[in-house]
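Student: Please model the entire structure based on the sequences and the hints provided.
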Amino acid sequence: MVNPLANGDEREKKMPMAQSNVRAHTRPIIEVRNLRKEYPVEDETVVALERVNLAIPQGQICCIFGESGSGKSTLLNQLAGMEKPTRGGVRIGGVQVSKLSERELAAFRQKHIGFVFQSYNLLPNLTALENVAMPLMFRGVPKDQRERTARAVLKRVGLGHRLTHYPRQMSGGQQQRVGIARAFVTKPEVVFADEPTGNLDSKTKAEVMAMICSFARDFNQTIVLVTHDPQMASYADRIVTLLDGRIVSDRANQPALSSPTSSQSSLTRPQSDITINQGASR
Amino acid sequence: MRFGDILRLCRQNLWRRKSRTILTVLGVIVGCCSIVLMISLGQGINEQNEKMLKSMGDLSIVTVYTNGSYGSGMMMGSGASSSSASSDVKLNDESVESFRALAGVSGVTPVMNYNYNSSARTGAGGRYLYDYVQIMGIDMSQFDQMGFKLKDGALPMREGEVLAGEWLAYDFMDTLKNGEMRETSRGDGCLWNDDTAQCDPEDDPYFKPIGTQLTLTTGANYQGDPYTQNLYGTGSGGGSAGGAGESQNVSVDMRIAGVTVSDYNKGFATSDGIVMDLKSLKELIAKVDPSAAKQRTANYDQVLVKAQDMASVPEVESQIKALGYETSSYEDMRKSLEEQSRAIQLILGGIGAVSLLVAAIGIANTMVMSVTERTREIGIMKALGCYVRDIRVMFLTEAGAIGFLGGLIGCIISAMLSLGINMAGMTYMGGGMASSSGGDGSGSSSDGSIWTMLWQATVGGEDVTRYSVIPWWLYAFAILFATLIGLLFGFGPANKAVKIPALDAIKNSE
Chain A
2 MVNPLANGDE REKKMPMAQS NVRAHTRPII EVRNLRKEYP VEDETVVALE RVNLAIPQGQ
62 ICCIFGESGS GKSTLLNQLA GMEKPTRGGV RIGGVQVSKL SERELAAFRQ KHIGFVFQSY
122 NLLPNLTALE NVAMPLMFRG VPKDQRERTA RAVLKRVGLG HRLTHYPRQM SGGQQQRVGI
182 ARAFVTKPEV VFADEPTGNL DSKTKAEVMA MICSFARDFN QTIVLVTHDP QMASYADRIV
242 TLLDGRIVSD RANQPALSSP TSSQSSLTRP QSDITINQGA SR
Chain B
56 MRFGDILRLC RQNLWRRKSR TILTVLGVIV GCCSIVLMIS LGQGINEQNE KMLKSMGDLS
116 IVTVYTNGSY GSGMMMGSGA SSSSASSDVK LNDESVESFR ALAGVSGVTP VMNYNYNSSA
176 RTGAGGRYLY DYVQIMGIDM SQFDQMGFKL KDGALPMREG EVLAGEWLAY DFMDTLKNGE
236 MRETSRGDGC LWNDDTAQCD PEDDPYFKPI GTQLTLTTGA NYQGDPYTQN LYGTGSGGGS
296 AGGAGESQNV SVDMRIAGVT VSDYNKGFAT SDGIVMDLKS LKELIAKVDP SAAKQRTANY
356 DQVLVKAQDM ASVPEVESQI KALGYETSSY EDMRKSLEEQ SRAIQLILGG IGAVSLLVAA
416 IGIANTMVMS VTERTREIGI MKALGCYVRD IRVMFLTEAG AIGFLGGLIG CIISAMLSLG
476 INMAGMTYMG GGMASSSGGD GSGSSSDGSI WTMLWQATVG GEDVTRYSVI PWWLYAFAIL
536 FATLIGLLFG FGPANKAVKI PALDAIKNSE
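Same order as they appear, the protein sequences are chains A and B.
According to the numbering used here, the residues represented by the first sequence are 2 to 283, in order.
According to the numbering used here, the residues represented by the second sequence are 56 to 565, in order.
One or more of the hints may lead you astray.
One-sided and incomplete, this derived list gives chain A residues near chain B with beta-carbon spacing under 8 Å [claimed, not checked]:
| id | residue |
| --- | --- |
| 1 | Gln111 |
| 2 | Asn126 |
| 3 | Thr128 |
By construction, these hints were calculated from the structure, which means they are not laboratory data.
What you are looking at is a predicted structure, and each value in this text was computed from that prediction instead of being measured.
C-beta atoms are modelled at their ideal positions from N, C-alpha and C, and glycine is treated no differently.
Tutor: Rendered as structure tokens:
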């Protein structure tokens, strides 16, 4: 059996996180090649994704936009390694995610990936602080150290006074802010956000989106945002639209609102980085 | 994940569903209690058996007899003589020497029982009488090797000196006080009085044995002392017979040099009779019944062979049997008792195990429900990068913790129940099992305070009967077993948890 720790180290070397922005731009952090996903439904086969090609550079906030049933959630599942694609592959930071074993995948998620869920998905019997510290706990970080880190992140999302509250004692917006804190506490290169504002009112939506974007700008993190809400899509640098499992449009977007610290960099991101759907040529 | 974190999560999760956890633990407690108590009752039977065997005397003694001498050998001093019965092998001095040469034998002595009626008198004017006293002859030079013990005094060195059985002095009655006797509990510590429901104080015997002169009256046709015959109303017929035999009766004076420790396995005389040297007994027989003496003194009723230890008893027995003799020892009895109590323990333990099995199914049920309820949580944890191994360990820890808690509390409760059983047994039964013991118990249970009683019920003692005995290993075993059962029955649910895909978490189903 392969030593997963050694593998993790190797993978870290391949990851361009600590390297200069210039290099980061030259090599996309997420590469999707010729992805196809089929589901067997009774006797038939339903094709959820077909010939999807996508490259997302580091630091980009990329929105995958589509109506329900367009295959956007399926695409997210493939990207995050939740499901194995029928054909094609997904690389994150040079690592073939679809080929990792379950254990390697867990180690990979610990180090490089964060999740923000639509229904927050906080553990109900843990406090806000414990929920945020959880990904660090999985890594084996000692309690006081991980709680120090978690406390700092929670303060940043404006919940410094809610550390010992349980999820049921908080509003939806607060819960989602805990969820965001949890996704960013490990400083992952990539954060997947699946309809992060689906259950929130419009005012809270704006707050939550602003928060996600601000984290991403500050740490040069890549966000893959899945939504069917055009208002949310407007926060992204780039909007990839899916219809019936195919990419039908891929365009750059001027973010409606972004953190003042790094809005400049997102504007100057070269268009050439974005790979247009070239499925037909392959 | 650190194990400390897993333990903390485990505690939180168990505490979250308090009532279910408590009920499951309760099931394990009942199962653990039943298994521990059942085995402890079996252990109690074991302990009682051991005490009983010990009270019977030296377990390393093998009694050797010939086919013909069996009757008289077992029913010592019954008056019937059957040593003359024909048999190929004879128990004589030669065979005694051959036994001595066997491996594993530490001492051999012939045992000769005096087969004529005799009565002993002592005190001023022969005031105190013990009729039908039993007399046993042994080889005094083998006294120590055979494991005989002196309670007081010294071995007989001179002509006319004998040893008295431990309770001999209590067997005398006062002929001037209508045959009144002094009472003793014979080492039990309690002389129970049904009227007062208390222990009566012990009497002193009429005389101190050491140095006392006994006058032994005996004869080939002696029917017993006239006083006894009158006392029990057989005087009219027996008196004349006694009178007729009076002329042949012999009177011998003897002095008690020492007192033996009672040991029924070595002969009744060590308790309530007179033990004398083989040579002196042979001389006495020659005096009383000269015609039969030659035949009587050449062959022995039985020979006692002492093995070096209990383990060598079977070997010694089989060697002697190979020489053509019959043997008996407590080895067979000990074995069958041991087998019996093992069988009882197995049955009792089986009953206990069933209830623990039920509890184990309870654990499995709780864990399956827990996994089902927490499907989403497990998915979230996996999505956030929790190792599959950690999830498995987490669920196994929860199941193991339920087992461990149940085992621990079950052991504490069993200990208290066992204490209660023993206390009740001691209070209402008064240590009944030990009453058959002729041992030298110090007799302290009557004056014991509640604390000594508690102590004795817990750790046992020389003269207490415990119905429920829990050795320390049983506690360790019970806790370990309960934990293992928990882990075993938690394994299925834990594997189920592990198989939950991370995808379940991000499906937007609330």
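Student: To test your reading of the hints: which numbers does this structure violate?
Tutor: 3
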